[in-house]
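Peer 1: Sequence:
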Amino acid sequence: MSEPISKTAELILSSSNQLEVQKATGEFINNKYLVENLQSIVGTLLTHQAKKLTSDNFLGLTIQFPDHYYKIDVTQPDRIHIEHYKINHQSDYVQV
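By the UniProt record's numbering, the letter at position 4 of the sequence shown is numbered 4, and the numbering carries on one by one without gaps.
Calculated directly from the structure, the hints in this document are not laboratory data. Check each hint, because a few of them may be wrong.
To be verified - Okay, derived cross-link-like pairs now, BS3-like style, lysine-lysine, Cα gap no bigger than 25 Å in a straight line:
hint : residue 1 : residue 2
1    : K23       : K71
2    : K71       : K86
3    : K23       : K86
4    : K51       : K86
5    : K71       : K52
6    : K71       : K51
Being a predicted model, the structure only gives us computed values, none of them experimental.
Please take these sequences and the hints and turn them into a complete structure.
Peer 2: Structure below.
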């Protein structure tokens with residue numbers, strides 16, 4: 001079973017066309033590649049919504065990997081909030 005064990009970083013982007021970084025903590029500070037990829041994903045999502053290429057109204061999304069995931073919140077009009085969580089993979093082993 002996996003569950004989030006801690007928030008390890010926080011990235012807040014403005015909702016302007018450039019998606020400028022407003023606040024960064026943890027791993028986002030020195031990882032330009034990660035920040036640019038997240039900006040691209042969020043930018044594409046917002047473009048599709050603004051151009052009415054989808055009938056969905058996005059409130060956010062989760063991007064999950066085997067050992068971590070990102071929660072992206074786009075509910076506030078002036079910022080995009082991204083949190084990074086690590087996943088704790090615990091196995092219950094029964095000794096026989």
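Peer 1: Hint by hint, note whether the structure agrees.
Peer 2: Comparing the hints with the structure gives:
| no. | hint | result |
| --- | --- | --- |
| 1 | K23 with K71 | holds (16 Å) |
| 2 | K71 with K86 | holds (11 Å) |
| 3 | K23 with K86 | holds (20 Å) |
| 4 | K51 with K86 | violated (34 Å) |
| 5 | K71 with K52 | holds (23 Å) |
| 6 | K71 with K51 | holds (23 Å) |
Consistency with the previously given hints fails for number 4 only.
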